[in-house]
Amino acid sequence: MTDLVIIGGGPAGMSAAVAAYESGIRDILILERDDSLGGILKQCIHNGFGLHKFGEELTGPEYAWKYEQRVHELGIEYKLNTMVLSVSPDKVITATNTEDGIFTVEAKAIILAMGCRERSKGALNIAGSRPAGIFSAGTAQKFVNMEGYMPGKEVVILGSGDIGLIMARRMTLEGAKVKAVCELMPYSGGLARNIEQCLNDFDIPLRLSHTVVQIHGKERLEGVTIAKVDERRQPIAETREFIPCDTLLLSVGLIPENELSLGAGIDLDPVTNGPVVDQDRQTCIEGIYSCGNVLHVHDLVDYVSEEAEIAGKSAAEYISGMSGEKTNITLKTDGKIRYTVPSKITSKKDVKVYFRVADVYRNVKINVLSGGEVIFSKKKPKVAPGEMETVMLKKDMLENVSELSFELEVM
Amino acid sequence: MYDCVVIGAGVVGAMTARELSKYNLKICIVDKENDVAMGATKANSAIVHAGFDAKEGSLKARLNVQGSKMMEQVAADLGVKYINNGSLVIGFNDEDKKTIAELYERGKNNGVENLEIVDKKRLHEIEPNVSGNAVCALYAPTGSIICPYELTIAAVGNAMDNGAELKLNFPVEKIDVIDGGYEVVSGREKVEARMVINAAGLYSDKIAAMVGDESFTVHPRRGEYILLDKDAGTLVNRTIFRTPSKMGKGILVSPTVDGNLLTGPTSEDMDCYEKGNKDTTAGGFGKIIKEAMENVDGVQFRKTITSFCGLRAVGSTGDFIITSPKQGFVNAAGIESPGLSASPAIAQYIAEMLKEQGYEFEENKDFNPKRAPMHHFREASIEEKNEIIKKDKSFGRIICRCETVTEGEILQAIRTNPKPTDLDGVKRRTRAQMGRCQGGFCMPYIVNLLAKEMNVPVEAVTKCGGKSVVNFSKTKEVGAND
Ligand SMILES: Cc1cc2nc3c(=O)[nH]c(=O)nc-3n(C[C@H](O)[C@H](O)[C@H](O)COP(=O)(O)OP(=O)(O)OC[C@H]3O[C@@H](n4cnc5c(N)ncnc54)[C@H](O)[C@@H]3O)c2cc1C
Chain A
1 MTDLVIIGGG PAGMSAAVAA YESGIRDILI LERDDSLGGI LKQCIHNGFG
51 LHKFGEELTG PEYAWKYEQR VHELGIEYKL NTMVLSVSPD KVITATNTED
101 GIFTVEAKAI ILAMGCRERS KGALNIAGSR PAGIFSAGTA QKFVNMEGYM
151 PGKEVVILGS GDIGLIMARR MTLEGAKVKA VCELMPYSGG LARNIEQCLN
201 DFDIPLRLSH TVVQIHGKER LEGVTIAKVD ERRQPIAETR EFIPCDTLLL
251 SVGLIPENEL SLGAGIDLDP VTNGPVVDQD RQTCIEGIYS CGNVLHVHDL
301 VDYVSEEAEI AGKSAAEYIS GMSGEKTNIT LKTDGKIRYT VPSKITSKKD
351 VKVYFRVADV YRNVKINVLS GGEVIFSKKK PKVAPGEMET VMLKKDMLEN
401 VSELSFELEV M
Chain B
1 MYDCVVIGAG VVGAMTAREL SKYNLKICIV DKENDVAMGA TKANSAIVHA
51 GFDAKEGSLK ARLNVQGSKM MEQVAADLGV KYINNGSLVI GFNDEDKKTI
101 AELYERGKNN GVENLEIVDK KRLHEIEPNV SGNAVCALYA PTGSIICPYE
151 LTIAAVGNAM DNGAELKLNF PVEKIDVIDG GYEVVSGREK VEARMVINAA
201 GLYSDKIAAM VGDESFTVHP RRGEYILLDK DAGTLVNRTI FRTPSKMGKG
251 ILVSPTVDGN LLTGPTSEDM DCYEKGNKDT TAGGFGKIIK EAMENVDGVQ
301 FRKTITSFCG LRAVGSTGDF IITSPKQGFV NAAGIESPGL SASPAIAQYI
351 AEMLKEQGYE FEENKDFNPK RAPMHHFREA SIEEKNEIIK KDKSFGRIIC
401 RCETVTEGEI LQAIRTNPKP TDLDGVKRRT RAQMGRCQGG FCMPYIVNLL
451 AKEMNVPVEA VTKCGGKSVV NFSKTKEVGA ND
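As they're listed, the protein sequences go chains A and B.
Counting in my numbering, the first sequence runs from 1 upward without gaps.
Counting in my numbering, the second sequence runs from 1 upward without gaps.
There may be inaccurate statements among the hints.
Stated by the list, open to error - Dumping the calculated DSSO-like pairs for lysine-lysine here, alpha-carbon to alpha-carbon at most 27 Å:
#1 Lys42/A x Lys53/A
#2 Lys228/A x Lys467/B
#3 Lys179/A x Lys419/B
#4 Lys467/B x Lys177/A
#5 Lys336/A x Lys230/B
#6 Lys385/B x Lys91/A
#7 Lys218/A x Lys42/B
#8 Lys370/B x Lys419/B
#9 Lys474/B x Lys42/A
#10 Lys228/A x Lys278/B
#11 Lys218/A x Lys287/B
#12 Lys278/B x Lys153/A
#13 Lys218/A x Lys206/B
#14 Lys474/B x Lys218/A
#15 Lys385/B x Lys365/B
#16 Lys218/A x Lys326/B
#17 Lys344/A x Lys53/A
#18 Lys153/A x Lys452/B
#19 Lys79/A x Lys391/B
#20 Lys177/A x Lys476/B
#21 Lys344/A x Lys378/A
#22 Lys228/A x Lys287/B
#23 Lys380/A x Lys53/A
#24 Lys352/A x Lys378/A
#25 Lys230/B x Lys81/B
#26 Lys218/A x Lys275/B
#27 Lys365/A x Lys382/A
#28 Lys42/A x Lys476/B
#29 Lys228/A x Lys290/B
#30 Lys218/A x Lys370/B
#31 Lys174/B x Lys153/A
#32 Lys167/B x Lys79/A
#33 Lys69/B x Lys275/B
#34 Lys355/B x Lys365/B
#35 Lys153/A x Lys42/A
#36 Lys476/B x Lys179/A
#37 Lys365/A x Lys348/A
#38 Lys91/A x Lys230/B
Hints were generated in silico from the structure; no laboratory data involved.
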């Protein structure tokens, strides 16, 4: 029996491990399928990581290295090249690697930190042929940054998620020509600073309300037809335009990888595609926690670490048999706010609530209501789907509350 | 000189080559593509039809019923997954009812066993997710599903294990009659053989014309599909067809042997010069989605993994064209649906034709009908897997996460006849890159494995042969050679 098994050795898994250690747990095992710790950060060689957490601008690998060093210093055990195949509701983990073969570990507590994957082309049903040269942006990033190969010369990018924006710059710096970034929505899903630094600085056109409607080319991609979309996001035929290119990169969304969670019988939130969790990031199964991009997609790794620390500390408390004062509060949203994490509060303590909005809104008030009464409110000049928002709920605000409603008031 | 050249490594050419390898014949299979099973065989409904569709007395009807009875054994020998899941033709109105009664009669006349007409109540008992608007169905318990390219890869592999040779990237351009046989020419290469089998699918009219047979033509008919993720795969157990009408055969909803849900095909006639056009269309997607949802409740198209298009090789006679215009030359043309189902019977039929022409068919005493299953590791127990991993550690390393495919399985596939030399070939043999992320994570690893195994630079690895390279150069080299 192992006290705590953490599935995934990316920033979430490592932060959770360190936090659990610092809360007194020693018997920790991290299982990572890749050949090193660090997760997706290893291929994010651009900077912009760690501003919130460390007050300095780090690259992805640098940020990951800080945690990896801590893991080594503390002597936290981990297994690389180890793929978890299943997790059972009674916390038995089955995994495989080259040394142990297929093996099981029984855990007192589990933290799920498997990250997310990119939505693939298949899911988009783009008409046309199926040539080589269509990659998810992250796959192209791996080729360029990790393997040292160029998967394209003339590039169109569909979707303005952060990885797509970062790759627009990366491909340009490597000598490719990025002809356009098309975004279905009338606004970008990426961080404002990435639009500025990755597109504008390189004169790469961002075509909002545009999508790819046809793929051309038999063996290697020869071009794409793009078109403007109407308010219902349907392509407008007269606006069709052919762009010759040999590469199409897709940055059309990230999906938390919850196949293991589903297998364990954990309830997922249909909006986030991540587990339903409480303030401790505990899922519906006692002793199984979730944090990082497997819980909901983050834009800043700093928030991932913050969230993972909560999960690590809570798992440690659970293993040590500690428990706080119980309550049962449901968090509701109004649609303009798409979701909150956590979506329920089961213990009376200060709770930082993270959420995302559904559209770009200006001059808003974020209101938290209990029984129709505003108990917290804060103003913001602008909120956007690409940027995570937070609200800090103080413990004393949770007295005699059974439901909290998160609403966005556009002024 | 070979005894026999088989032109086309689709399911028909593959099964025929395997059938001929039961005799002491020197066989060469040629195909224009970079892998086997790249034509109609790659993209179809994957149904082993019961045999009630084709007109009584037609070659289609006879070979379908015969072939589908043989298929289970063929699949078992070749280690290919085959599931006898049964099919239902569902009807929505009185006209459908009439058609179903006709299909029932036709099926009985064709020799299809255990056909049954079921009422609404029974229909929804056996398939609760079939639309509540359906009022009756024809139930064919012998209908089955199989993976057509897996079958073809295995059949070519088995033929090769029994001595046949395979030449890929060999587009036949010319056939000359020579003393005692034929010379089959592709660019600067040529093969000579006493017998030639034309199993070139869509292009079989062109091949026939090369020996002067212009008695038929073949045109493409587009069929588009949408494939859904495995968590949508259990919606129905049986293959659900719509009753055929003036509007055509309609969209089917079926599980696949791998547990996905398949919806399609559309049906759109195309011009003869469009034989290379496998584009999917927005209109096709719309039709599939609409009709699939009419037939079965709860089809979740947001679980789409991929979409693809297959081209039916529609012959000008309406029936399979299995003829011999010249001594030693056999056409297997116009093999549209149910060609997959009929393929084992077509192979035997062709062998018989050649025997009758007086060629010597001496039994190959060493013929081994069995081929090791491609998915042996996947289906093994944990204990068995651990035994394998102990001997070969690469079976402990997962490369494709979505489909849990190990490095060992990929290496084994790369080293087994017919050897894949591109990413799609590895995909079809191992399922790696075939899951929900469509290779997003594992593709770079597989590129490296292929490069290493084939001893070529990483930039030379392709998606599907030809110019379909994945990477152009090392970084900081782009533009250098422009
Ligand atoms: C949409 C659709 C759905 C179908 N559904 C079913 C079904 O559910 N059940 C069923 O039983 N059947 C079905 N079929 C029919 C079945 O797929 C075909 O009958 C079968 O695959 C035909 O196999 P083939 O070997 O004749 O042709 P193909 O698979 O097309 O093979 C022909 C081969 O010849 C090669 N070739 C062509 N020209 C040359 C040349 N000049 N030189 C060298 N090589 C050449 C091609 O590259 C190709 O590999 C369907 C077909 C389609 C298109």
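Going down the list of hints, with the structure as the test:
1. Lys42/A x Lys53/A: 18 Å, holds
2. Lys228/A x Lys467/B: With Cα atoms ~31 Å apart, lysine 228/A and lysine 467/B exceed 27 Å; violated.
3. Lys179/A x Lys419/B: 38 Å, violated
4. Lys467/B x Lys177/A: Given that 27 Å is the threshold and the Cα spacing comes to 20 Å, the pair holds.
5. Lys336/A x Lys230/B: 32 Å, violated
6. Lys385/B x Lys91/A: 23 Å, holds
7. Lys218/A x Lys42/B: 16 Å, holds
8. Lys370/B x Lys419/B: 18 Å, holds
9. Lys474/B x Lys42/A: Holds. Lysine 474/B to lysine 42/A sits at ~19 Å (cutoff 27 Å).
10. Lys228/A x Lys278/B: 25 Å, holds
11. Lys218/A x Lys287/B: Holds, at roughly 24 Å.
12. Lys278/B x Lys153/A: Holds, at about 25 Å.
13. Lys218/A x Lys206/B: 21 Å, holds
14. Lys474/B x Lys218/A: With a Cα-Cα distance of about 24 Å, the restraint between lysine 474/B and lysine 218/A holds, given a limit of 27 Å.
15. Lys385/B x Lys365/B: 34 Å, violated
16. Lys218/A x Lys326/B: Distance of about 36 Å is beyond 27 Å: violated.
17. Lys344/A x Lys53/A: Within the cut-off at roughly 26 Å; holds.
18. Lys153/A x Lys452/B: 25 Å, holds
19. Lys79/A x Lys391/B: Roughly 21 Å separates the two Cα atoms, so the pair holds.
20. Lys177/A x Lys476/B: Judged against 27 Å, a Cα distance of about 13 Å means the pair holds.
21. Lys344/A x Lys378/A: 21 Å, holds
22. Lys228/A x Lys287/B: Roughly 23 Å between the alpha carbons, so the hint for lysine 228/A and lysine 287/B holds.
23. Lys380/A x Lys53/A: Within the cut-off at roughly 22 Å; holds.
24. Lys352/A x Lys378/A: 14 Å, holds
25. Lys230/B x Lys81/B: Holds: lysine 230/B and lysine 81/B sit about 16 Å apart, inside 27 Å.
26. Lys218/A x Lys275/B: Holds, at about 12 Å.
27. Lys365/A x Lys382/A: Distance of about 10 Å is within 27 Å: holds.
28. Lys42/A x Lys476/B: 20 Å, holds
29. Lys228/A x Lys290/B: 25 Å, holds
30. Lys218/A x Lys370/B: Distance ~36 Å between lysine 218/A and lysine 370/B Cα, so the pair is violated.
31. Lys174/B x Lys153/A: 38 Å, violated
32. Lys167/B x Lys79/A: The given pair, whose Cα atoms are some 45 Å apart, is violated under the 27 Å limit.
33. Lys69/B x Lys275/B: 32 Å, violated
34. Lys355/B x Lys365/B: 18 Å, holds
35. Lys153/A x Lys42/A: 24 Å, holds
36. Lys476/B x Lys179/A: Within the cut-off at roughly 19 Å; holds.
37. Lys365/A x Lys348/A: 26 Å, holds
38. Lys91/A x Lys230/B: Holds. Lysine 91/A to lysine 230/B sits at ~24 Å (cutoff 27 Å).
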